[in-house]
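Turn these sequences into a full structure, and let the hints guide you.
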Amino acid sequence: MPAFTPPPLPSDDKRWKIVNGTMRKNGFARHALIETLHTVQSSFGYLDDDSIRFVARSLRVPLSQAYGVVTFYHHFSLKPPGKHTMTICTGTACYIKGTDKLVAAAEKRLGIPQGQTTKDGQISLMTARCVGACGRAPVVLTDGELQGQMTGEQMLDQLERWAVE
Amino acid sequence: MTIEELDQIAESVHAENAKFDHEINVCMGTGCLSQHSDKLRDELTNVVAASGKKAFVRRTGCMGLCAAGPLVLVDPEETLYQHVNAAHAEAVVASLGGEPIAALQCNLREHFDQQVHVVLENSGHIDPEKIDDYIARDGYQALVKALTEMSPNEVIQQITESGLRGRGGGGYPTGLKWGTVAKASGDLKYVICNGDEGDPGAFMDRSVLESDPQRVLEGMCIAAYAVGASKGYVYVRAEYPLAVARLTNCLRDARRRGLLGNNICNTPFSFDVEIRLGAGAFVCGEETALIASIEGKRGTPKPRPPYPAVSGLWGKPTLINNVETFANIAPIIRKGGKWFACMGSERSKGTKVFALTGKITNTGLVEVPMGISLRQIIEGIGGGVPDGHTFKAVQTGGPSGGCLPTELLDIGVSYDALLKVGAMMGSGGMIVMDDTSCMVNVARFFIEFCMTESCGKCIPCRAGTAQMHTLLTRICAGHGTMADLDLLVDLCGTIKETSLCGLGQTAPNPVLSTLKYFKNEYIDHIVHKRCAAGVCNIEAPSAVEPPPTTTASLEVLA
Numbered sequence: 001m002p003a004f005t006p007p008p009l010p011s012d013d014k015r016w017k018i019v020n021g022t023m024r025k026n027g028f029a030r031h032a033l034i035e036t037l038h039t040v041q042s043s044f045g046y047l048d049d050d051s052i053r054f055v056a057r058s059l060r061v062p063l064s065q066a067y068g069v070v071t072f073y074h075h076f077s078l079k080p081p082g083k084h085t086m087t088i089c090t091g092t093a094c095y096i097k098g099t100d101k102l103v104a105a106a107e108k109r110l111g112i113p114q115g116q117t118t119k120d121g122q123i124s125l126m127t128a129r130c131v132g133a134c135g136r137a138p139v140v141l142t143d144g145e146l147q148g149q150m151t152g153e154q155m156l157d158q159l160e161r162w163a164v165e
Numbered sequence: 001m002t003i004e005e006l007d008q009i010a011e012s013v014h015a016e017n018a019k020f021d022h023e024i025n026v027c028m029g030t031g032c033l034s035q036h037s038d039k040l041r042d043e044l045t046n047v048v049a050a051s052g053k054k055a056f057v058r059r060t061g062c063m064g065l066c067a068a069g070p071l072v073l074v075d076p077e078e079t080l081y082q083h084v085n086a087a088h089a090e091a092v093v094a095s096l097g098g099e100p101i102a103a104l105q106c107n108l109r110e111h112f113d114q115q116v117h118v119v120l121e122n123s124g125h126i127d128p129e130k131i132d133d134y135i136a137r138d139g140y141q142a143l144v145k146a147l148t149e150m151s152p153n154e155v156i157q158q159i160t161e162s163g164l165r166g167r168g169g170g171g172y173p174t175g176l177k178w179g180t181v182a183k184a185s186g187d188l189k190y191v192i193c194n195g196d197e198g199d200p201g202a203f204m205d206r207s208v209l210e211s212d213p214q215r216v217l218e219g220m221c222i223a224a225y226a227v228g229a230s231k232g233y234v235y236v237r238a239e240y241p242l243a244v245a246r247l248t249n250c251l252r253d254a255r256r257r258g259l260l261g262n263n264i265c266n267t268p269f270s271f272d273v274e275i276r277l278g279a280g281a282f283v284c285g286e287e288t289a290l291i292a293s294i295e296g297k298r299g300t301p302k303p304r305p306p307y308p309a310v311s312g313l314w315g316k317p318t319l320i321n322n323v324e325t326f327a328n329i330a331p332i333i334r335k336g337g338k339w340f341a342c343m344g345s346e347r348s349k350g351t352k353v354f355a356l357t358g359k360i361t362n363t364g365l366v367e368v369p370m371g372i373s374l375r376q377i378i379e380g381i382g383g384g385v386p387d388g389h390t391f392k393a394v395q396t397g398g399p400s401g402g403c404l405p406t407e408l409l410d411i412g413v414s415y416d417a418l419l420k421v422g423a424m425m426g427s428g429g430m431i432v433m434d435d436t437s438c439m440v441n442v443a444r445f446f447i448e449f450c451m452t453e454s455c456g457k458c459i460p461c462r463a464g465t466a467q468m469h470t471l472l473t474r475i476c477a478g479h480g481t482m483a484d485l486d487l488l489v490d491l492c493g494t495i496k497e498t499s500l501c502g503l504g505q506t507a508p509n510p511v512l513s514t515l516k517y518f519k520n521e522y523i524d525h526i527v528h529k530r531c532a533a534g535v536c537n538i539e540a541p542s543a544v545e546p547p548p549t550t551t552a553s554l555e556v557l558a
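For the record, the sequence lines run as chains A and B. Count the first sequence with my numbering and you get residues 1 to 165, in order. Count the second sequence with my numbering and you get residues 1 to 558, in order.
Think of the hints as simulated: they come from the structure by calculation, not from any bench. Where hints are given, some of them may not hold.
What the hints assert, rightly or not - One side of the interface only, derived from the structure: several residues of chain A facing chain B at Cβ under 7 Å:
#, residue
1, Y73
2, H75
3, L78
4, A133
5, L141
6, L146
Each residue gets a CB set at the ideal place from its N, CA and C atoms; glycine is no exception.
Now the structure itself:
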């Protein structure tokens, strides 16, 4: 059997080299699929068709399996995120402290349901299962930064600041 | 590395610390960091340098009392300050050696005095990113002792003797599990640390990994030696970036010190560990699903047997334990199984870390001996329900557990006692609810969680939880009938008995326990169209009369 040669990088975007690095570190083994997808998502912000195809081909994983993995795990996103992301934790402790009201207020303010991005691409509204900071519930992540004991007003202020940027 | 070398490192750390009159420990766990304790530490360092006082500012892991963060502990006085921010730095440094600042001091003796710290013994006292700090507190003594003085069998014997049971929730005897993997044939075996802490409301694994990662690694190394494994994986949630960073750092340091890698402590034993990131799937906490995820596949569980102990990762014998289980190993080997077995209740030994959250004054992490009553934890250590509200229920075990009412607060916390009353130890989340929580809505919340997290492999879980969710939503909206309750009970039974894995088998627990202890709230919603807590949006009763309540349907519930 001829030695396997990984496919060429999709473009000369430097981020592909980082992705390729993860795969090389794992010897292009199939089990590196999730690891590699993590790298793609952290480099590009989301997973598009091209990147899934590239990773699947490089790791010799059937495309169906790669796509199946991407859609199975909540962490992976197939849509590009907005410029800013408001993630509201909806774990049990946050739920008990009224996080559903935060979600409703944010949805109303932005005019989009959770999991979507505003039309101008400015703000994404996401929910998380639990970020493990239950001692400070209710918790939100503003662009990944954890903010505890969040009130509706504080959150709307933040959204307002982002919206006018 | 030998015991003498470890002692030398410990001595040099102690000598270094002795140069300072005071140690200022700043909590830099996720909770306090979210309140900018990093800036506080920088400020303290600057102020100390400017003041010329002989004080040392240390970054530490979680001190437990997240409600009062950012926390600062001044040693050797053991003065604990709460809600400290960068503006207080001058005052804190000025008070060193004098009277403590009364306005900032945290006086919660009863909160700390009732706790027994085994897993958390180093949390808040060491810098989690310095391996030498861990070694200075008896770290790696257990590993060296196991490798140089004990046979693998003797290690397993000590663990069995300790009576330690799996801290991930199942409560399977750890010694027995290790024994099975050790006996399994095969030259390649794996050890996996399950840090996929999916239970919403539980954060003890995150905290242990952030505050004392070396302890978990030492536990894994000892386990690998005992069962004959050469490769390990730590599976951590991607939602815990700080834990991943500290763990990465911890592995690098251990390799440098020769405590991980080839020929550890100049013995034939070789072991290395890799980190695998979860990608946000609750079901991956189930061991066979976790294994599938490490193999790079969708995290769907497999029927057992074969158990992972016989055929696990890539078909090889695999030992899977929870973070907290591994964190208990080093002290057991150091002090002996009998020491551990002295703590706790008859069939649940040792201590357990609980994440106390919800409507409770002192939210945070607590570690208590098994057998302590729920009341002691909630009213004593937790400080009770704040803001003049009354206690309604405590939820243990996350989406697999149950809601327990006031009447059951006096039961002792142990695997068996909690199972008996329809709840579960789970990984240790304890969520307190007051009179502003509607128990029907709580049940719906958990079922919604299980519904979205069901992997979809088996029908009872995939379709059953969806049906239960529909029924509960209907009841919450005031459109339920008493017949719906019968159907709900029936569904619960089917899902429990026929689901493939633990997720489905335990998914009905929150519903069954609320039906058992808070039946009146369901009836309120159905018959009186009323939500006493005011959580559910019940529409105004329509002109149609509610269906009559039959005694038959009530009997089913009784």
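Comparing the hints with the structure gives:
This hint holds: Y73 of chain A has a C-beta 3 Å from the nearest C-beta of chain B, less than the 7 Å allowed. A distance limit of 7 Å between C-beta atoms decides the matter here; for H75 of chain A the minimum to chain B is near 4 Å, and the interface restraint holds. At about 13 Å, the closest approach between the beta carbon of L78 of chain A and any beta carbon in chain B exceeds 7 Å, and the interface hint on this residue is violated. Taken as an interface hint, A133 of chain A checks out: its beta carbon lies about 5 Å from the nearest beta carbon of chain B, inside 7 Å.
Taking 7 Å as the C-beta contact cut-off toward chain B, the hint placing L141 of chain A at the interface is violated, the least distance being around 9 Å. For the restraint placing L146 of chain A at the interface with chain B, the shortest Cβ-Cβ distance is roughly 4 Å, inside the 7 Å limit, so the hint holds.
The structure does not agree with the numbered hints 3, 5 stated previously, though it agrees with the rest.
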